[in-house]
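**Student:** Since the structure of chain A is provided, determine the placement of chain B on it from the hints.
There are 2 protein chains.
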Amino acid sequence: MERIAKTPQPPYYAVIFTSQRTNGDHGYAKMANEMIKLASQQEGFLGIESARDSEVGITVSYWDSLESINKWKNHSAHKIAQERGKAEWYQSFSLRICKVERDDLFEK
Amino acid sequence: MERIAKTPQPPYYAVIFTSQRTNGDHGYAKMANEMIKLASQQEGFLGIESARDSEVGITVSYWDSLESINKWKNHSAHKIAQERGKAEWYQSFSLRICKVERDDLFEK
Chain A
1 MERIAKTPQP
11 PYYAVIFTSQ
21 RTNGDHGYAK
31 MANEMIKLAS
41 QQEGFLGIES
51 ARDSEVGITV
61 SYWDSLESIN
71 KWKNHSAHKI
81 AQERGKAEWY
91 QSFSLRICKV
101 ERDDLFEK
Chain B
1 MERIAKTPQP
11 PYYAVIFTSQ
21 RTNGDHGYAK
31 MANEMIKLAS
41 QQEGFLGIES
51 ARDSEVGITV
61 SYWDSLESIN
71 KWKNHSAHKI
81 AQERGKAEWY
91 QSFSLRICKV
101 ERDDLFEK
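Protein chains in written order, with our numbering: chain A, 1 to 108; chain B, 1 to 108.
Check before you lean on any hint, since a few could be wrong.
To be verified - Subject to a maximum C-alpha distance of 20 Å in a straight line, what follows is the list of computed SDA-like cross-link-like pairs (lysine to any residue):
1) B:K108 x A:A87
2) A:K108 x B:G85
3) A:K99 x B:I48
4) B:K73 x A:F106
5) B:K99 x A:Q9
6) A:K99 x B:G47
7) A:K30 x A:S50
8) A:K99 x B:E101
9) B:K108 x A:H26
10) A:K86 x B:K108
Unchecked claim - Per label pair, the in silico range of CB-to-CB distance:
11) A:K6 x B:S54: 15 to 25 Å
12) B:S40 x A:P10: 18 to 28 Å
13) B:A87 x A:K6: 17 to 27 Å
14) B:E83 x A:L66: 33 to 43 Å
Claimed, not checked - Among chain A residues calculated to face chain B with C-beta under 7 Å, some are:
15) A14
16) T18
17) E49
18) A51
19) D53
20) I58
21) S92
22) F93
23) L95
24) K99
25) D103
26) D104
27) K108
Hints listed in this document are in silico derivations from the structure and should not be mistaken for laboratory results. The structure presented is a predicted model; accordingly, all values stated were derived computationally and were not measured. Just so it is clear, CB atoms sit at the ideal spot from N, CA and C, and this is done for glycine as well.
This is chain A alone, in the form it adopts within the complex:
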């Protein structure tokens, strides 16, 4: 998967998920990979970018519409992951739904 998402012309939507983990894995890495794979199969999915260091992780997923974001939010397997996330994996997180108005790509 591309680490910098190749998205279409704006407008489109972004979900910015910033998180601080609890200690230990508790099945997180496996579920995180499954959720990225599953998200990428959903209608309206445009791409995903993710980086994690020792303190914080940021995952940005891109979507064609708020409707597609809402469907993914309510996907049954994703809802199970969300519950485990709150119970086990995350100390804190923020979730922001955004409309991308302009973008620019630089490549050497």
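**Tutor:** Frame of chain A; chain B shown alone:
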């Protein structure tokens, strides 16, 4: 600095900067810290979140308006950093300007 930004009620704006570095530091770490410090002193700055792993970095800065984003883009010291970024530090990057429409914070 808080690793998860405490932002006001939406709407506000986000700049999502996703990058892949060139090899070596070349003064990057020092300049990156200076730019975060300088950005946080600008009018309309609301917060910043950043994560970098071995392949990719994502920095999201939050602003009260497109005007504040544009002023920061054109800040003289920031423009010098942008030029060095293209010449020395980044293999590729994407920059997205977004309007944050909804957000949610979870804390244990």
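**Student:** Tell me if the interface restraint on T18 of chain A is satisfied: Cβ within less than 7 Å of some Cβ in chain B.
**Tutor:** Result: holds, 5 Å to nearest chain B Cβ.
**Student:** Is the distance from the Cβ of E83 of chain B to the Cβ of L66 of chain A consistent with 33 to 43 Å?
**Tutor:** Given range 33 to 43 Å: holds, Cβ gap about 37 Å.
**Student:** Is it true that S40 of chain B and P10 of chain A lie within 18 to 28 Å of each other by Cβ?
**Tutor:** 27 Å, holds
**Student:** Next item in the hint list is I58 of chain A. Is there a CB on chain B closer than 7 Å to its CB?
**Tutor:** OK, holds: I58 of chain A within 7 Å of chain B, min 4 Å.
**Student:** Any CB of chain B closer than 7 Å to the CB of K99 of chain A?
**Tutor:** 5 Å, holds
**Student:** Taking the least C-beta to C-beta distance, is D53 of chain A closer than 7 Å to chain B?
**Tutor:** 5 Å, holds
**Student:** Holds or violated: K99 of chain A and E101 of chain B, Cα atoms, limit 20 Å.
**Tutor:** 7 Å, holds
**Student:** Restraint: E49 of chain A near chain B, CB-CB cut 7 Å. Satisfied or not?
**Tutor:** This interface hint holds because 5 Å falls under the 7 Å limit.
**Student:** Has the given pair, K99 of chain B with Q9 of chain A, been kept, meaning a C-alpha gap of at most 20 Å?
**Tutor:** Holds. K99 of chain B to Q9 of chain A sits at ~16 Å (cutoff 20 Å).
**Student:** Take the C-alpha atoms of K108 of chain B and A87 of chain A, compute the straight-line distance between them, and say whether it is at most 20 Å.
**Tutor:** Between K108 of chain B and A87 of chain A the Cα gap is close to 9 Å, so the pair holds against 20 Å.
**Student:** Taking the least C-beta to C-beta distance, is S92 of chain A closer than 7 Å to chain B?
**Tutor:** With Cβ-Cβ at 4 Å, under 7 Å, it holds.
**Student:** So if I understand the rule, the pair passes when the alpha-carbon distance is 20 Å or less; does K73 of chain B with F106 of chain A pass?
**Tutor:** Holds, at roughly 16 Å.
Hint check: no violations occur; every hint is consistent with the structure.
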